[in-house]
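Chemist: Here is what each chain is made of, one letter per residue.
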Amino acid sequence: MGIFIKNRRAIFGLVLCLAAVSCAGRAAAQSDYTTITVGDAGTISGTVRWAGPIPKIPRLPITKNAEVCNPDGEKTRDLERLLVDADGGVANTVVYLKNITQGKAMDLPEARQHLDQKSCRYIPHILLVAQGADLQVKSSDAILHTVHMAGAVSNNIPFPFQNQYIPIAMRRSGVVDLKCNAGHVWMNAEALVVKNPYYAVTDDHGFFKLTDVPPGEYEIEAWHEGWRIASEQKVLDVGSQVEVSRPVYSAPVTWAKKVVVRKGQTSDVQFSISEN
Amino acid sequence: MTWRRIRILLVATVILWPSLLSCSGAFAQQSKIGNLTGQAKRGKELYGRYCVGCHGPRGDGEGENAAYVDPKPRDFTMGLFKCRSTPSGSIPLDSDLFDTVGRGVDTTGMPRWFPLTPQERADLVAYVKTFSGRFVEEKPDKPVDIASETPVTPESIQRGSEVYQSLKCSECHGEKGRGDGPSVSSLRDSKENPIVPYDFTIGTRFKCGESDRDLYRIFMTGLDGTPMPSYVNWVTPAQAWDLVHYLRTLQADYGEKSKTADHKGLIARR
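Here the protein sequences line up with chains A and B, keeping their order.
Residue numbers are given in this note's numbering: position 182 of the first sequence equals residue 182, and the series is strictly consecutive.
To convert, take the position in the second sequence, counting from 1, and add 1000; that gives this note's numbering.
Incorrect hints may have been included.
Said to hold, decoys possible - Below, in silico cross-link-like pairs of lysine-lysine (BS3-like), each with a Cα-Cα straight-line distance of 25 Å or less: (1) K1168(B) with K118(A); (2) K1139(B) with K234(A); (3) K1041(B) with K1168(B).
As the list claims (entries may be wrong) - Covered by chain B, according to a simulated footprint, are these stretches of chain A (three or more residues, beta-carbon under 8 Å): (4) 149–158; (5) 175–187.
No wet-lab data here; the hints were simulated from the structure.
Glycine included, each C-beta is placed from N, C-alpha and C at the ideal position.
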């Protein structure tokens, strides 16, 4: 009997511990970034460059609404999945601190929180939105577009009218794929819903900068959406006899490094990314 | 065990019970539909008998019959459901899933599971919810309001026709609602399978119900997991009813509608 009571106590204790650990883990996951007043901060800047031959990314034919989608008279459209400038700078790469737990208040660039659909192109191609905030979406085109989100946030909103912003709540953190279901199969963009402000998108020359970083050692990561087409499914419209391919893209790719940030100094980080 | 120990045990249980439930996702093991409480444990047995053939043992829509079904069975692990009363992007209410099980999904392989009792359908809903973490992490949004129906008049139908044009419904559903719009060949579901828009001329039932209110709800909430978006931002309630009245005229047996429209609910919840 004595052993029985002892075991029962042990089991009860174990249940309490498990509950405490489980709830503590959950609470930590929900509040894993704290805003503080950042004094004595440092800066991280650098570039993301492509190494090796630049892969040829196929362009898709503009099969619909050419008068709106094709103002320059091009017959095909770049998918914007890999943009490398003459010096090898890679645009649209997201660079962020992976393990930061405290720092400045949210100050993500305003332009990355507004999406326009213009000439059947998502502008900008990479969006950055704080978890719980709204992405503001509009269409400059006088045709139907839809913004179909999948991933961390799922949503499907049409844009039948021009120039009216619709807020879309981005509730869960993670990556969100965007596509249009109104026949514009080349339209694609990615939104990152994030829990802290230490995210930067590389410019056309691959340059990035993270400011107001509390001194310390961090893991810094470069995230690219992926540039390969993993598969394509062709469907023939019997009525119009138009065959349309819808691309499915390869998974995102990341590269990680360590960086030390010192008070009042700028730490330089160079990423070299490649096909392999 | 002394009274003191029993008291400590009781107090600890009372204090920790809600945490234990919420932290373990125990609420996701249940469904609540009106007075019915469904239990996942019972639902699992029913699922193994009635649902596994199409939806698969892991709930991923990869059952042994899936290869022969078009459109493909729902992948419950994605937590995306066509027939909801909640806005696009929200998980459905338990009652939405319950109604879908009882009503079936017209034009798909999903039958009406009417022979199952309401308790059995509630148990199935509880089990289906266990396949997606969304039911643990998220709460459903408030259902989309459905305003009182406006009178069906020639003017309302005419205005509805104009709404159909201005919202560009014809891009997918075609000028005459036959599901043959110019975007058809580009449409894919959430698993990249080709999917066709609804052809309004083929009958009186829609994927998510058959009453006017069901039709109103479908285009206000959208059908998640498909290309059909939510138009709740773009139409007033009066315009939405005009659109319903117009869409009814596209149906081959328009005129018989009034005999069947209000039967919804009797079927799903009987």
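Chemist: Next step is simple, just say for each hint if it's right about the structure.
Modeler: Checked hints:
For the proposed pair K1168(B) and K118(A), the alpha carbon gap of about 18 Å is at most 25 Å, so the pair holds. For the hint linking K1139(B) to K234(A), the alpha-carbon distance of about 38 Å lies beyond 25 Å, and the restraint is violated. For the given pair, K1041(B) sits about 46 Å from K1168(B) by alpha-carbon distance, which is inconsistent with the 25 Å threshold. Counting residues of the stretch 149–158 of chain A whose CB lies closer than 8 Å to any CB of chain B gives 8, so the stated coverage by that chain holds, three being the minimum.
For the stretch 175–187 of chain A, the stated coverage by chain B holds: 5 residues have a C-beta nearer than 8 Å to a C-beta of that chain, and at least 3 were required.
Comparing the model with each numbered hint stated earlier shows that hints 2, 3 do not hold.
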